Structure formats: C-alpha cells, structure tokens
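Could you put together the complete structure from these sequences and hints?
Protein chains: 2
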Amino acid sequence: MALVVQKYGGTSVGNPDRIKNVARRVLATQQAGNQVVVVVSAMSGVTDSLIKLAKEIHDMPSEREMDVLLATGEQTTIALLAMALHALGAKAASLTGAQAGIVTDRAHTKAKITNITPKRVHDQLNDGNVVIIAGFQGETPERQITTLGRGGSDLSAIAIAAALKADLCQIYTDVDGVYTADPRIVKDAQKIQEISYDELLEMAALGSKVMQARSVEFAKKFNVVFEVRSSFNDNPGTIVKAETRSMEDVVIRGVAVDKKQAKVTVAHVPDKPGMASRIFRAVADANINVDVIVQNVSEAGSTDITFTVGTDDLKKSLVALEKIAREVGASGVTAQDNIAKVSIIGVGMKSHPGIAAEMFEALAANHINIGMISTSEIKISVVIDLKDADKAAGVLHEKFELSKK
Amino acid sequence: MALVVQKYGGTSVGNPDRIKNVARRVLATQQAGNQVVVVVSAMSGVTDSLIKLAKEIHDMPSEREMDVLLATGEQTTIALLAMALHALGAKAASLTGAQAGIVTDRAHTKAKITNITPKRVHDQLNDGNVVIIAGFQGETPERQITTLGRGGSDLSAIAIAAALKADLCQIYTDVDGVYTADPRIVKDAQKIQEISYDELLEMAALGSKVMQARSVEFAKKFNVVFEVRSSFNDNPGTIVKAETRSMEDVVIRGVAVDKKQAKVTVAHVPDKPGMASRIFRAVADANINVDVIVQNVSEAGSTDITFTVGTDDLKKSLVALEKIAREVGASGVTAQDNIAKVSIIGVGMKSHPGIAAEMFEALAANHINIGMISTSEIKISVVIDLKDADKAAGVLHEKFELSKK
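Going down the list, the protein sequences come from chains A and B. Here the first sequence stands for residues 319 to 723, numbered as in the numbering used here. Here the second sequence stands for residues 319 to 723, numbered as in the numbering used here.
Quick caveat, the hints were computed from the structure, so don't treat them as lab data. Just so you know, nobody snuck in bad clues.
Remember, identical chains collapse to one label, so a pair may be satisfied in a single copy or spanning two.
Here are the simulated lysine-lysine pairs, BS3-like style, with alpha carbons at most 30 Å apart:
(1) 717 / 505
(2) 430 / 483
(3) 559 / 717
(4) 428 / 409
(5) 641 / 590
(6) 538 / 577
(7) 717 / 527
Predicted model, so just to flag it, every value in this text is computed and none were measured.
What follows is the structure, encoded as structure tokens:
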C-alpha cells in the first residue's frame, strides 16, 4: 500500500461543488489501494476577505494576530473536505497544522517549518482515515499559531510528504503541469514530463509561476519527488525530482519570459573601489531585488553600471539611486522599462558546450538585438526589447526543438 | 488590582465598528486599574453561514468536523478584537479555547468543560496584555477541537472566571439586565439589581431568555458572581449571585410568561400501576420535554393525564401519544395550544407563606381562569388561556409590587 500526499490549492476548493469534486478524486486515490493525506489551502477569496476585514480594524495588523486570523481559512476547508468525503461514505478526519505536528520558527506570517512530528497523522491513517491537513499553517514550540507566507500550502504538502516518507506527492493546481514555454506566448509549448528541482527553480525565478521557489528548494533539500498537475482534469502532470543522468540528454528544458523587468543605468560612476558596493547597498536598503547586472567600462576614469529590477520596484529604485548617484559623483540615472528578459533553462547545457552561441545566433538571425546577458550553470538569460519578447521565445523554442514530444 | 472577565456576544462584535466599540470598553476597564480577560463569540451571522456551508456539503455533517468548522468563528473574532485593541495603543493577545487551557469531554458540538489550566492566560496577563479568549470552544485531552453548544460562550466566560478566581465577571449582551417581567408585556417592568442563581434559573426555564440554564448552573456550582449588562450603554446591569438572607426580603423577584406551551390530555387512562410511566416513557423516547403535569381522578377505574409541552413539540407528541393511548386502552388524546404559562419567582416565598393564595386571588379578581398549577420551592406557575397571559402578567406584577424601585 502506497502513501500519497495530495495538495489542493484555493481554486480547486473554491466552492462546495469543487470541494465535492476534490473529495471524489481523493476517494478514487484511496480506492486504488493507497493511504491518502490531503493538504488544502483556504477557499479562493477567503484569505483576501480576512485581510480586508483586518485592515478595516488596523492598517498595520499585528503579525501574530494575522496568523490567528488567517489560519481560520484553511481550518474551514479541512472540515468541509472531511464532510464531503463522509458524504461519499469514506472515512476522513481533519487536522489543523498544529494538530498535524507542524512546528515552525517564530517568524509570524512568514514562518519556516523547523520540524514535523506527525504522530496524529499516522494514528488517523492507521484508523483507515483519509487525513486532511490545513496547509499554510503551523505552530511555534510555544503553541502560537503561525502561517508560512506565500506558497505556504505547497510547502506544507512537501514537508509532510518528507516527514511521512510518502511514496508520491501530488500538487494539484489550476494548470496541468510545467510547460516548455508559456502556452499563451508559444503556441506549440509542450508539457514537460520530468524536470529537475534546479530547472524548476530557474523557471520559477524567471517568471514561470507554477510554484514558489521555497517549496521547490525544500523538496530538493529533502529529496521529495512531486508531481504538478491539474485538479480539473485527469491528465498526467510534470514530475519534479533530482537531476538524473538521462535528463542531460535534453539540452534545454524550457524557455521563460519575464516582461515585468526594467533596466536602470547609473552613468559615469567614478572608477574607484567601493563604488558598486555603495550603489547596490543603497538599492538593497530600499528592499529591492536586483536581477541582471552589467558593468561596462566606458571612458577613462568612469564606468556605467546597468542592472534590471522588477517594474514594480522601478520608482522606488530611482529615488534611492538618484541620491546615491549624487553622493558618489556619477553623472546621472536613466531608466528604461520597455524591456523583457528571455531565458533558456536546462541541466543539459552543463554537458553541451556552445549553447550560448547557438542562442545568440538564433536571435541574431531573427534581428533581435541583445541588450544584456546573464548566465548560470543551467540557464542563459538575455535582456531584449519588450516588443521582441514573444518572437524571441518562439524562435528559441523552435531552435532547441522543444515543440517535439 | 482586580481581575475582570468580560464576555461579549455575537451582536456586540457583529461588525468592525462594533468590535472597535468593544475594544474601547475593554481598554477603559483596563485603564481603570484592572487586569482584563475578554471572552468573545463569533460575529453574529458567522456561525449560521458556516452551518449553511456545511449543509451544502453534507446533510448530517460529522460532529467532530462541525466543531473544527465552527471554532473558526470565534477564532476570527479574537484576532480582530486584539487588532482593535492594538489600534488603541493597548497590549492585547488572543488565545483559542484550546490555547487558553479549556479542556472538555469528548461530546462534540455539546461538550462539557472538565478542566481549565489557564497557564497561558496568566502568562499573557503578567506581560501586561488584555487576554482575548475564543468562547464556545475547547479541546479534548487528545487535543481534538470541541464546541460547547448553545450558550457556550457564556459558559466559557463563567468557567474562566472560576478558574482565574476573577473578582468580577461581566456578561455583555444586547439587553441591559434581568427584568421583573418582559418589558414588552409589562410596561413598568424594572431592572433587577440582584438575583440569585436559582431565581435566574427559574426565569430562564420559564421563558426569560437572558442566559442558558447550564451557564447559570455552572456559576452556581463554582459560586461565580456575574453581572448581566448591555454592551450598547453604560447602565449597571443585574448581579447574579448566591442567595443571601436579604434577598428573601423581596418575596417575588419577577414574573415570567411562556406563550409557547400546548396542553395535551390523555383521557380515560385505566387506573392501574405503570400507566403513567408508560405514557411518559413514550414521550421521553420521542425526545420531548414535558413541563407541567396534572393527573385528575375522573370516573371509577380511569383517570385523565394532562401535561404541557412546547408548541414546537406538539405534533411529535401527538404521534407518540396516539400510539401509546391505544396500547394502554385510553379513550383518546386531545390537544389545546391556545394556552400560556405565567409564573412568579422569588426565593422570598420560602419564608413567606400564603403567596400561592395571593396569586390565585389576584387572578380570580381579574376573572382569569386557572387551568393547571405547578409549584417549586421558589416559583408558582399557572396555565391559563393565551388571551389572558399579558393581563395576568400585569396583574401579578402589580400585586407583588414589582413596579416599585
């Protein structure tokens, strides 16, 4: 008998009918001869309503009390899903995060899971129950309620799968897997059968929003194999697991496009030690994530520093940078927000030299101008004009033969 | 420094503005030099919405899961009230019933409190916090979430006051105390300053719906003095406490009217041992509470048995009775639902003989015919025609000088 952990997100449990639908799916999994543990999110919209209610009372609600408040969202879902399973004649019992033994640190609203002691989960499984656990929440060693922050329910599911040494962990969502490219941009994008943690992490970081990076990192750390699939159909999804030798046969796993990038240049920065560190310290202090960085040597004695930030952070960046530019004696700050970052990702590139050259050639052959370049061991990103982004994605998708099954 | 426990019901915390209003009241109590523990209900309407949601999924939801579901209602309120206190600059921390150490038996949806270990309440108080506790809920020794059933939040407040040895327990509600009669029926009804547990219990049992009997019984058992008062004004309420000698100076504390009564007669029951027990066993098996019982000796060899039941139970009673009437050889069952029960209550009647006679005389002088009579040590009830009920209440209220301050 295999042990399966399934996670259903807010859209999948968004109303009573959808909860019943999830119950049928869960029951089918149990009837196929498995023990089943289900992790659920709050019904879609509930968390937002609770936040709105809190804001009517306090514009900066205490994080401890936000956790007490938000934890009710998942607690509602677990009870309802248990009832839906009972309605189908199944045995089921719900557990809050705390009851399931999910212990976290004390960082309210963004807690980290530190330990799981799933004694009660085992007890309920041994009694023949489907066990339904509230995702997104846990408690501190002092029994204060905590929540895990964005993507927290995925994290709960993967952590529970690790603690239970589950045979399979399925993340049900509203997309049916990870694709070689965004199907809205690249028409013949294909669902990927298997992808490595690192590749998915790069995809996530590059704007492919299947899962939060922290959940994937957790899965990687504890070597939890999981499948991303849809709760609205029965198609097989994408298996995410540690890199295998055979994965390297596929050079490029996917193409990612991030259109929410802006480029900022600090011009004529004096060419002295410590200039870059002062500039990026100022940006970091403003709590802005910097992505691609390029430093050009320009004229004698000075240099241009260019980097990208999320478009949402552009305004804040300029405020911070104009001040520091004056202080270090740079000539000024310019910004450009009609850009995009297009990336190819694949563990195979480690063993296949010349991929960067092939990428640049393909773009050049299609008259797409490259503004900036950034690489890691398993991805190559280029910053290009926004108007070329979709075309570039299509060109690269075809170039690296991703449209083929 | 005194320790005050305050309980606010669903109407008092029904929306964000009302929650802010409660926060101001709580803060004022703290600023007057008290430690304050607040027990709250779910916002009005929330529990009903949750029940409705459950019924959409299962027509007979599991009681265990109902408790998991319903407990979210009070958990929402505690977080919001803590935030509202923070917004006023106060220190406040919320605790669920379980976190507050409220241990119950395993009777889901109607659990009894078996023990309270309020260590965390003391800890939070010692840190200078207003402590806000979710009413209506607790957990079993196995850490299963339970709820206490109707009137559960009052019970939580009184049990916590007992466990903390609080100096004062205030039950805030939408009426500002216990009255000598229903002010809608008797115009010059007066608020009662002090009432004994037993008197309030009789009032409650007789249709005056200030509090559930079980909370008053709990308060009596643990000798918790409490005050019933309104959260919408600053009027002093009614103090409920053990009977004192001075209470007996007031012969009658109040007049109660119950218009939801029906009278049932089983006619010509053979006059043999065991007949009454068979009839009332049949009624009890149908889960119907019987109130006043009268047995008339009629003709030789047979007797009429008459009793009252709640009008809601009348139909069910007749079904049960017609069957048993045939079985025991009675001649038939008749029902009458245009009746009312009017009662006078007061510990003073124990030491003042002749109260019943005074009552009957007053009714007779006003041409009100008495159908049935029932008495206890501290109350006398008469069953009369429904059309005479309000008049009877007014007559008795005046007769026993309840309109005077």
